[in-house]
Structure formats: structure tokens, C-alpha cells
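Asker: Chains as they are written, first to last, in the working numbering: chain A, 1 to 754; chain B, 1 to 184.
These are computed hints drawn from the structure, not numbers from a lab. Certain hints may be false.
Okay, derived cross-link-like pairs now, DSBU-like style, lysine-lysine, Cα gap no bigger than 35 Å in a straight line [unchecked claim]:
#	chain 1	residue 1	chain 2	residue 2
1	A	K36	A	K256
2	A	K284	A	K452
3	B	K40	A	K34
4	A	K452	B	K40
5	A	K36	A	K284
6	A	K702	A	K284
Interface residues of chain A toward chain B, partial, derived using beta-carbon atoms under 7 Å [as the list claims (entries may be wrong)]:
#	residue
7	S67
8	L70
9	F72
10	E113
11	R238
12	P377
13	S382
14	G603
15	A605
16	R606
17	D627
18	E629
Residues from chain B that keep clear of chain A, each with C-beta distances beyond 10 Å, as calculated [as the list claims (entries may be wrong)]:
#	residue
19	G75
20	D141
21	E152
22	T157
Here a beta-carbon is modelled for each residue, glycine too, at the ideal position from N, C-alpha and C.
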Amino acid sequence: MSTTDWRDRLADEMPPDLAEEIDIFEGQMELRRKGKIEDRVFAETRLRRGVYGQRYDNGHRHDGVASQTLEFPAGELTKGPETLWDAPGMVRIKLPYGGCTPEQIDVIAELAEEYSDSILHVTTRQDIQLHYVHIDDTPDLMRRLAAVDITTREACGNGVRNLTACPLAGVCHTEAFDTTAYAAALFRFLLGHPDCQDFGRKFKPAFSGCAGEACGLVMMHDFGAIARTTVVDGVEKRAFDLYVGGGLGTTPHQAKLLYENHPVEELLPAVQAIARVFGRLGEKANRNRARIKFLVAKLGIDEFRRLVDEERKVLPHDDRWTSYLPSVEDYTESPVREAVPVPAADAPLPEGYREWLRTNVYRQRQEGYAVATVALPLGDLSSVQARKLANVARKFVGDAVRTTVEQNIVLRWVAEGDLPALYQALVEIDLAAPGAGTIVDVTSCPGTDTCKLGIASSRGLAGELRTRLAAKQFELDEAVRGLRIKVSGCFNSCGQHHVADIGFFGNSRKINGVTVPHFQVVLGGRWRENAGSYGLAIGSVPSKRIPEVVDAITTKFVSEREPEENFQDWIARLGKKELGVLIGDLKSVPAFEEDPTFYTDWGDARVFTMGDMGIGECAGEVISSTDLELTMAESIAFDAQVALEEGDLVRADERAYAAMVAAARALVRTEHPNVADDPDVIVGEFKTRFYDTERFFDRFAKGRFARPLFDRHAGAPETHEAEATRSLVEESQLFIDAVHAMEIREAGAQSALV
Amino acid sequence: MTTTTTTDIVRIGAKIYAQDPGVIDLPAYVPIFHGWIQRKVLDGVPIDVADYAHVPDGPGVMLIGHEADRSLDLGEGRPGVLYQRKRDGEGSLEARFAAAIAAADGIADELEADAAAGGVAFGRDEILLKVTDRRLAPNEDATLDALRPAIEAALATVRPGRDAEIARVTEDPDGPFTARVILR
Chain A
1 MSTTDWRDRL ADEMPPDLAE EIDIFEGQME LRRKGKIEDR VFAETRLRRG
51 VYGQRYDNGH RHDGVASQTL EFPAGELTKG PETLWDAPGM VRIKLPYGGC
101 TPEQIDVIAE LAEEYSDSIL HVTTRQDIQL HYVHIDDTPD LMRRLAAVDI
151 TTREACGNGV RNLTACPLAG VCHTEAFDTT AYAAALFRFL LGHPDCQDFG
201 RKFKPAFSGC AGEACGLVMM HDFGAIARTT VVDGVEKRAF DLYVGGGLGT
251 TPHQAKLLYE NHPVEELLPA VQAIARVFGR LGEKANRNRA RIKFLVAKLG
301 IDEFRRLVDE ERKVLPHDDR WTSYLPSVED YTESPVREAV PVPAADAPLP
351 EGYREWLRTN VYRQRQEGYA VATVALPLGD LSSVQARKLA NVARKFVGDA
401 VRTTVEQNIV LRWVAEGDLP ALYQALVEID LAAPGAGTIV DVTSCPGTDT
451 CKLGIASSRG LAGELRTRLA AKQFELDEAV RGLRIKVSGC FNSCGQHHVA
501 DIGFFGNSRK INGVTVPHFQ VVLGGRWREN AGSYGLAIGS VPSKRIPEVV
551 DAITTKFVSE REPEENFQDW IARLGKKELG VLIGDLKSVP AFEEDPTFYT
601 DWGDARVFTM GDMGIGECAG EVISSTDLEL TMAESIAFDA QVALEEGDLV
651 RADERAYAAM VAAARALVRT EHPNVADDPD VIVGEFKTRF YDTERFFDRF
701 AKGRFARPLF DRHAGAPETH EAEATRSLVE ESQLFIDAVH AMEIREAGAQ
751 SALV
Chain B
1 MTTTTTTDIV RIGAKIYAQD PGVIDLPAYV PIFHGWIQRK VLDGVPIDVA
51 DYAHVPDGPG VMLIGHEADR SLDLGEGRPG VLYQRKRDGE GSLEARFAAA
101 IAAADGIADE LEADAAAGGV AFGRDEILLK VTDRRLAPNE DATLDALRPA
151 IEAALATVRP GRDAEIARVT EDPDGPFTAR VILR
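Okay, chain B solo, but in the shape it has when bound:
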């Protein structure tokens, strides 16, 4: 029997939301993400761009990578940037949460600075955390209890000095474990 705990969690995602989704022109993200690959602006091994803009409330336009996917995500009907780690996580659990949030911030920073993105801006006061690993992180309150210290420690790093309200998202009970962070 293999013994694993929540500290082994790697598949951590962080999403921050567009403030004015109306300015988002999805097809524009295909050349933007291709440009990122060309210019090697990303860490890790970026592989390709996948366009799922035709799927309502889906993963949108994705920049597929070896260790993580980055996307202009349309989930929940609320566009935002999503960084989804898939493998090769490093450091402590809190460091992995912090890295995911920082990576989402990084995507947002790049897009906000890119005129081709049409002046899109992303809020930093709301974060959706998603752990796509039902084995280590079942979608239940006990998981939030177990992860809360690591999330709070991560927030202290990437959003220092802010009070955080962390609540489990329960709209999709069979979905992956998801928590919403509201910063005040």
C-alpha cells in the first residue's frame, strides 16, 4: 500500500478573474500564447496552444505545458487566468500553493502589459484554488480543514498583510476540490 497525504499534492490550480470580461477577445489569445512560446517568456516546457473557445464555460484558450497549463479560462462563466500545475511540484505544500498563485499573477501581469489583450485587467482580491486530485484532495470540508494552514501560509507570502476569507466551493460537489479566497 502506498501511503500518501495532502502534503504530496502537486496538481494545484489558481485562477484570478478578469475585471471587465467584455474587453476579452478570445481569438486574440491564440497569437498571444503562441508569441509567449516563441519568445520563451515562460518557465518550464511550454508545448502548444489549444483553442477551446467553442466550449461554453470551458477551458478557453490554453497554453499547454509539460508541468503546468496556463489558460484564459472560461469556467463558471467568469473569464480569468488559470495556472494549473500538473506535475513536478517542488517545495512544501504552502510553497506549491504560493507558486500557483504567483504564476497566475504572472500570467495576468503579462496580459495586462500586452496591448494585444485589449486592455484586460485582472483582480487580485479573489482567487479560486483548485486541486485536481481526488485521491489526495477529495472534495469535502475535511480537505479544506487539512489544507487551510498551507493556503493561509501561501497567502501570507503572495498577498502579505491581507485578511483572507477561505471557503470551499460547493456548487459542483462531484468536481475537484475547490476553494475561493476573498482578500480584504
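Isolated chain A (complex conformation):
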């Protein structure tokens, strides 16, 4: 049990229920140490407390020369399958709708200093993450958070994750009404709710105040609510349009409209009914098909709605559904400073102020007040900066602080007359960088820095792009400055690359037997309209050439776009073929001897999976037939994307399927060179040799990437729906990536044997 006295010290400051939960978790830790809880069970328990694993937590790390064992003192004791007890982990701190007070920021800064690496990392879902935390420290860490009314409960695991919302809620010009109080009520209602404890996967909710802007990103969430008002008999009534089944991940889905103009009184019971349907009918065995988007897609939105309607009818009444409503009208944030006049136009202003004002300040609908964005590089700030920022907030805005999904922090209710002084205060703590929400403000997930699933260094790439773009940001064309770049370290999309103008996700390619970090280029996603549409992958480029990709795309956009043409329209007009040509020359990789930097990732000095180099030397400097066949499969997948873009769904479907068969054939031919060119034979051989044996299985995704091949091979669709076809096209690329990954895995294994 606890070896410190934080539990006793904070006993009167923690909400009793949170205090008890933390005690229970600490007790479970003790049981796990004694081997009285199965590690698989403890892992889910731990995740539901917001305590996540981190890279190398299986006790192995490739140091650039060889895989080394990390000899932790606790030895083989585990906190989950293949997760060593002593291995540092990540703690995700839930901040509903991104709201945080200076007092809370102070505490998180203290925790970062004492238990982490002195860095607070703002995530793309408005959480704050601390990395390199030892599990032994987590109960005290949670207690200190609980004492300032913060929980990490269900920040990870198969439950309701943090609730995100527009950081401008309540001060925005375009919102129907302030969603904050509704979001807070839903967050409290769902936290630990019995109907949310039996999901097959996570469930992410989001709120937005309007349909047109991006802020809430409702369309990419499991559940989303968009505020609207209607006038009935001269009285304005508040309601929500409720959406369900959106999500990014490997297979992005746009959310479907479940209820239009749904009364606010019915918000909480509607979500409870959705949770019950999801918990009852959602996939449990195959976690790769377990998000609610798959259930909605499988049932269809009409049937899903019918089930939710039926569930709603039998829900036992809960006073909490409406008990919060009388206070909603009273909810307001108050400025701590009176509105004072803005400085005169000719008043002396701090250096750099005007540019910061232009990009980082949003005028509120309340006259005399503004929202100032603190742009954080890669979402990071130090504990010292955080503490100083909390003091700046106390002085200028009080508690009106929120994190954003673009990994920044906003200070709301700044008196406009205070803006120069606020800017100066931020300059003094190095948090006054301009460019918030512009191409400089690159978003990234943790990637290979700390994430177990990361394939390529998203943060390394994002940092490099940010540095390069910041150096020339004032010379960039206005149309380019307004673009957004988002980077994910793998196909799981935590960097939200699908909704960026220019997005990237990490993968790898074997070049002459050597593994090279790559990024798939995804263009034309729509950030506005609540993440209104997703971009499509146009090709994979070596990581080190990605800055050239950005230059090529932005240069061409500036020189060739029509007046007033936006990026999405330009991408659509250009088409995948021309875009493919644009990046075609950038796909080449020089030989290792010629330029070894291509074989390392951004910000990482280690040669990328050095073990593969042994195989490359053994195999000689020839390109294998497998590589050639996979290249052909990628070309077919590209054809599918072009067909999709041209609206030829039948051809897109056929090409996507053909691409997967070609990739499967390439794999089968490594063992059965004379396999017949018959899809039945190829798919059968692939299944027998690679799927049934689980050789194709990714460590985390298992056999998920093969399923679309099997499903499509079972029969072509009778009708071709746009979304289903689009999904298959994307799956075809993921299948090819998975074949590459398997080839690399197996080559590594052979190398180890050598």
C-alpha cells in the first residue's frame, strides 16, 4: 500500500468517490504484485485509470545496432501482457472540453516535475499527458489530481474517453449557444456509468456549437452533438443534432445523423441509450472492428436509430437527465478584468505584437474581449512555463483557460485593452509564438517518441516542418499560411491526418533489403464543417523527403490555383494522377552508402531497424521480385484512388480488390513461386500460409488488415456505395502496408537467426 502520506494529507480535499477509487486501484496494484490478479485483467483496470503503456515497455529496445534487454529491477513482474512493471508509462489526464484552471495547471506542473520529465503534453483530444511515469507513483499522482477535481478515470481503455468541445464555446460568433454546461453534465453522467463499462472499444464524444466551423470535430467522433436553436411560438428552443459512428483510425468514417433537432432534455438519455446498444451489440472479440462506427455501418443508421429508440423507451428514469438543466442558463464565465479600450492605432506596441494579434487572437462576440491562443510547439510546455502561464492566466483571465485539439492553450476573456500586456507577459515566458492555426502550427501524435504503436517519428517530422516553415512564415503566400498540417506516426490517426489539408501517417518500406521510414501523403481533408471530409492517400514517400513534398505541393498550389480557389477544390481539380506525378520523383531512396540519413528517422540518431540491413547484405543489391510485385500492387491501389476520385465506384472497387490480390500474390510467391494466377487460389494460399498461421498478424492489429480482402473476395457488392467503396480503397493501401510490414518482420526474424 501507499508508502507516502499524500493519501492522508489530501483526505479532506479529494471527492470521496475519487479517493475510494484510487485506494481500490492501489489495492489492485498490490494484488498484481503478489500475482493475485491476472495481468490481462490488471491491464484493463490500469488503462481505465488512465495509466497507459509506453514504447519499450516489453523490456526490449533496439539501440540502432541490436535489440537490447532493459534490465529493470522488478524483473519479470508485469502490469499487463508483455508490459513490464518497471517500464515507464504515460498518464493521460482528462480535461473535459479542455477546461482547466490555473490551480489545476499548477498541480499538473508539479506532477510533471516530480513523476514525469517536466513536460506537459497537450493532446489532440484536449487531454494533458505525462510521459515516463512509473506505475508505483500513479496512486499519489491521481490523489493530487483528485484534490483539484481532476480524474484520469477512463482516460484510456474501453470506455468513454475525454469529452472534447469547441474551445471558443460561449464566446464564439457562430455558435447557436454555449455547449459547455451540457458537455460538463454529459461528462459527469457518463463517468463510470454502469452502461458504459462493457464496450468492446473506446467511445469518444464531442460537442460543437455550430455546424460550419471545425472546432468540435463532431463528424470524426463516435458520438457528437451540434447545437442548434429553433423558434417555436416565438420562443427560442435549444436542441442538438446528434451524430453517431464517426471515427478516424485505420478506416475513417463520417458520423451519421442520428437525431435532428433533438431536445436538450433528451441529450443524456439519448447517449445512455446509444451506450446500451453499443455495449450490447458492438463487436467484442475483434477489437479492430469494435468501434461503434463498425456497428453503425453494419446495421445502417436507420436500424441503429430504431434500436436506440427502443432502448430509450425502456430506460429507467434517472433524475440526472434533467437535474442540471435549471443551472445551464446561469452558466457563464465572467471576465476578471473590465473591458478597457484597445490601444490607439499609433500607440507604441511590443515587437512582434501585430503578427501575434493577427494569428493568435480571436475577438469574442462579447464586445471588448478576445481569446488569445498560446501556440505550443508539438503540444509541449515545460513545468516552469506552465506555472508561469497559470500566473498569467490568473492576472488576465482567471479560470477561463482551455486546451485545444490543435494542441494549444487558449486564454478566454482577455480584455482587448490588455492584449499588448498579455503578449508581453507571454513573451517573457517564451509562449508568444505567432502562427496559431496556420501551416506553422503543425499537429502531431507522440509517434515513435513514446507510443508503442508508432511506426515513424511523427514528432520528429512535425518539429522539422515547424522549424522550416516558421523560418519563412512571413514570406509564405496567404493561401499557404492558412493550411493545416497534421502528422500521425502510424495508421491509427491520433495526429488526425485525415482532416488536414496536408496530412501524413508513418509507415515503412524495404528498399534493397533495408527498412526505410516513410510517410503516406494524405491530401485534401476538410478541417472545417466539423471535420467535414477526409483526405485520401496519394503515395508513400521517404520520411526525409517529406519537407520537399510540402514545398512541392504548396508551391504548385500558389502558382496554379484559381482566384479564390481553396485547397480542397484545388486538390479535387488536380486529381490524384497529377498529384501522384508531383510526388513521384520524391519516392526514390538513395543507396545507404550514398546517403545514410534516409535510413534514420527525424530526431532519432539510430539507423531505422538496423537488423534488416543484415538481410539486405545477404540478399545482395538486387531488387527482389516481391518488391516489384508490391510496387505493382501499389500502382493498382493508386488506380483505385483515381477511379474513386472520378466517381467510378465500380472500377474503384474492382481495382482496390485487385490491388489486395496482387499484394497477397506477392507474398504467396515468396513460398510458392508457381502459384496460379487465380484469385481463389491466391487468397486460399494466403489464408493458409500467412493468416491461419498468424504470420501476417500485426502485434496489435492482429489479422485485421486481411479481413477486407476476405470479405471482398467472398463477393462483389451488389450496389456500390460511395463510403463503402472509399473504405475498401483505403483498406487496399493498408493491406499493402501490412504486407510490407510482415515482410520486414520476417526478414528481421531471419536476421536474428543469422
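Mind docking chain B on chain A? Use the hints.
Answerer: Relative to chain A, chain B alone:
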């Protein structure tokens, strides 16, 4: 109620400063620290390298370890090497302070001998001691009073024969307990 005293303190950090910060090329420290892991030049369990060079006056480039982090630290706007113990402290309190300072010296020695570090040199006459444990070491004068004997004893070991001026750093009152040691 768990009873603890300052003698239980483990989370002790020691930082010594670069004499000419202008020679420091931060990106160079990423391969340097990876090389240390590869060559197993460190005690304990080194885990990975974390690059926070983009955070102004932040932790810089870190070599994360199980029991301690080592870094080319940018805190206070004064680059230096920081050894920050996190767990598994051994010996008396004075031995733990001495070990932290000696470890910071060790990092400095390695870097000064490494051509890839660009000829960086670290002074040994100024030490920043940081105790990142607000429970056992609140940031107040009484803590310095309580820790002073152990710090002085540690200095007698790692900086023998030197007079030491030890003062609490008060610029960040809500930060962890921090003391500056000036040796004469």
C-alpha cells in the same frame, strides 16, 4: 499515517553549467546520448532519448533512465548538465546528494571528452541542487535548514577543501525546492 522525513528524500537533482553555452549544438546531443546507451557507458537502466530542444528553457535533450534522468538541460536559460534521481536512492542523505553531484560531474566529464559535443566545458564551482519532492522537501527556508548539513557533508566529499555558499533559489516559489551552491 505514514511517517516520513527529509532523510527519505530520493528525488535529488544536481546541475552544473556550461561555461560557454554558445558552443552547444543541441541536435548533436541526440546521437551522443543514443551512443551512450549503445555503448553501455552508464550505470542503471538507461531507456531512451527524449528531445525537448523545441521547448524554450525546458529540459533540453534528455537521456531517460529507470532510476535517473540525465540531460543537457536548458532550465533558467542557462544550459548545463542535469542529473535527476527519480527512485531507488541508496545510502544516507548526504551520500545521495554526493551521488547526484558526482553523477552530474560524470556526465560533464563524458561530454567534455567527446569531440561530438563541440568542445563544451562545464564549470564545477556552481551547482544547482533540486529536490523534486514537495512532500518531503517543501520549497521553504526550513527545508534548507534541514538539508544543509547533508549538503555540506556531500560537498566535503565531492568538492573537498572548498568553502561553499549555499542559498535557496526563490525565483520560482511554487517550483520544487532548489538551492544554489557557490564554491570558493
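Asker: With reference to the structure, classify each hint as holding or not holding.
Answerer: Checked hints:
| no. | hint | verdict |
| --- | --- | --- |
| 1 | K36/A - K256/A | violated, 44 Å |
| 2 | K284/A - K452/A | holds, 22 Å |
| 3 | K40/B - K34/A | holds, 32 Å |
| 4 | K452/A - K40/B | holds, 23 Å |
| 5 | K36/A - K284/A | holds, 25 Å |
| 6 | K702/A - K284/A | holds, 14 Å |
| 7 | S67 | violated, 12 Å |
| 8 | L70 | holds, 6 Å |
| 9 | F72 | holds, 6 Å |
| 10 | E113 | holds, 5 Å |
| 11 | R238 | violated, 41 Å |
| 12 | P377 | holds, 4 Å |
| 13 | S382 | holds, 4 Å |
| 14 | G603 | holds, 5 Å |
| 15 | A605 | holds, 3 Å |
| 16 | R606 | holds, 6 Å |
| 17 | D627 | violated, 29 Å |
| 18 | E629 | violated, 36 Å |
| 19 | G75 | violated, 7 Å |
| 20 | D141 | holds, 20 Å |
| 21 | E152 | holds, 25 Å |
| 22 | T157 | holds, 26 Å |
In terms of the numbered hints stated before, the structure departs from hints 1, 7, 11, 17, 18, 19, listed from lowest to highest.
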